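A.B. asks: Sequence:
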Amino acid sequence: MSNTILPGATLGILGSGQLGRMFAIAARRMGYRVHTFSPDQETPTGQVADKEVCAPYEDLDALAAFCRDVDVISFEFENVPSSASARAAQFVPVRPRGEALHVIQNRLREKTFISTHGFPHAPFRAVRSRAELDAALNELGTPAVLKTAGFGYDGKGQAVIRDATEADAAWQAIGAVEAVLEGFIDFQGEVSVVAARGLDGSFAHYGVIENLHHNHILDVSIPEAPLSPRLATEAVEIARGLMEQLEVVGVLCVEFFLTRDERLLVNELAPRPHNSGHFTFDACLTSQFEQQVRAICGLPLGSTELLRPAAMTNLLGDLWTDGEPNWAAALADPQVKLHLYGKAEARPGRKMGHITAFGSNRDDARRRAVAAREALLRR
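Residue 3 is where the sequence shown starts when you use my numbering, and the numbers rise one by one after that.
Source of the hints: derived by calculation from the structure; they are not laboratory data.
Under the rule of at most 27 angstroms between Cα atoms (straight-line distance), these lysine-lysine pairs were calculated in the DSS-like manner:
hint, residue 1, residue 2
1, 53, 345
2, 353, 53
3, 353, 339
What follows is a set of in silico ranges between Cβ atoms, one per label pair, in the way DEER data are often shown:
hint, residue 1, residue 2, range
4, 352, 175, 14 to 24 angstroms
5, 262, 61, 44 to 54 angstroms
6, 145, 325, 37 to 47 angstroms
7, 186, 32, 41 to 51 angstroms
8, 175, 66, 32 to 42 angstroms
9, 10, 178, 47 to 57 angstroms
Everything numeric in this text was worked out from a predicted model, so none of it was measured. Glycine included, each C-beta is placed from N, C-alpha and C at the ideal position.
Taking the hints into account, I'd like the entire structure generated from these sequences.
C.D. replies: This is the structure we're talking about:
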């Protein structure tokens, strides 16, 4: 038990968005203190943390001072510079380890890792120049998707190339930076597995989650995706294998494409709680955020049992375009739970909150979640 970090200790989180906010709520409920470090002030995490430190991730002296006040460091945002995680590791345990973060925060390193370790993936090629883009297109053909190697999320940093004449425009659209060209996948759906791995190697997961997207942003997530038992088992085993190969201690989400010929291809990894697992905050015995706390503190992982059929839908800043949303109308359904992240400014495409709804079955839960969101527009 010498590696166990007991309640009363202080947990440090790098990043200060909604994932850190929900982590802090779970941690404080368990008796921990939470300090957050990011370049921003008055953040979603900072509003509920015990201490908010505002400094650039590259300010290693400020980071060192932050680490001296905490007992373990975790992440809610994977694009923290490697130098920052390495600096933090000089003072306290960093979970997941910085090496895993380094792999996942760059698409080329991530996909190379997935390929090297034998996990299923879409065909890809590294693209570091305009000439390499032409060579990659010759090998993979079109259509294809060009993605920046770093700092891409929610469809940002991507361009579809339908034929070779669009290569120039795509290269400029992503900023002419290091990239990955992926063969276009004709998929029937997208699913994810959110899982946790403890300090002792224990493993827990939330099953396979069905994810519906709109404009490249997650729109609705419904647990217990309607897959065959073979595919569901395969998805979980891939997630477990990736966590073990990366030696992750904490929470990891594996996003998959489900092809029309019933194959799973790993699309992306996230080394922290994930949007598609937000339903667990209300609907599972142990949420993904409590699981993150348990894992990084060396405590036993909790049960992931789904207590009732549920569905989650995101609330984007677009809902504020014509004024304040009608919260009373959304909450008129007593099966609906509202989560707002405390962000000061609503912008189109910005995740401002989410709704979790319960139902008699997964379809009923999805219907209630979407209906509640639509009700927000009743002015």
